[in-house]
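Take the sequences, apply the hints, and build the full model.
Residues 201 to 313 (the working numbering) are what the sequence shown spells out, left to right.
Keep in mind that the hints were calculated from the coordinates and are not lab data. Values in this document were obtained by computation on a predicted structure and should not be read as measured data. Where is the CB? At the ideal position from N, CA and C, for every residue including glycine. A couple of the hints might just be wrong.
[Unchecked claim] Distance windows between CB atoms, simulated:
#: 1; residue 1: D286; residue 2: E259; range: 29 to 39 Å
#: 2; residue 1: Y233; residue 2: G265; range: 15 to 25 Å
#: 3; residue 1: E307; residue 2: S237; range: 15 to 25 Å
#: 4; residue 1: E284; residue 2: L231; range: 20 to 30 Å
#: 5; residue 1: Q262; residue 2: L282; range: 15 to 25 Å
#: 6; residue 1: K310; residue 2: E259; range: 15 to 25 Å
#: 7; residue 1: A285; residue 2: G230; range: 29 to 39 Å
#: 8; residue 1: K310; residue 2: E264; range: 13 to 23 Å
#: 9; residue 1: D239; residue 2: E273; range: 17 to 27 Å
#: 10; residue 1: D241; residue 2: G311; range: 14 to 24 Å
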Amino acid sequence: MVTCSRLWSVVVVSASVWVGVSPAQAQAPGLYYSWRSIDTDTVGCIDRATAALNSQALENIQIEGNSISGTTENATAVFVCLAEADATTVMIMVSSVDDDSAFELRESLKGAF
Numbered sequence: 201m202v203t204c205s206r207l208w209s210v211v212v213v214s215a216s217v218w219v220g221v222s223p224a225q226a227q228a229p230g231l232y233y234s235w236r237s238i239d240t241d242t243v244g245c246i247d248r249a250t251a252a253l254n255s256q257a258l259e260n261i262q263i264e265g266n267s268i269s270g271t272t273e274n275a276t277a278v279f280v281c282l283a284e285a286d287a288t289t290v291m292i293m294v295s296s297v298d299d300d301s302a303f304e305l306r307e308s309l310k311g312a313f
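Next up, the structure:
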């Protein structure tokens, strides 16, 4: 038995083929990352990451466990702090459909951290 949602999907796809419209395609975002070891605990790492995100005017800053993220108009940045026995590893990841702005934001965050 054909469900209503499947039937609707067939109708939409058939109509788009008949009209000659191709489905919308989005560009995959670029992802730039970097990591290093720092001599602090997870709380100190999150504090430094918060300061770095604020220094670059990122918005919607959210902390979840050992990670913190923020956004700009066209990019998302995430810091992850991984505690080890003698140090903490911090990873910075920046994703955007604009490769140049993602790379620049990552470098700015590294400098501010």
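Enumerate the violated hints, using their earlier numbering and listing them in ascending order.
Number 9 only.
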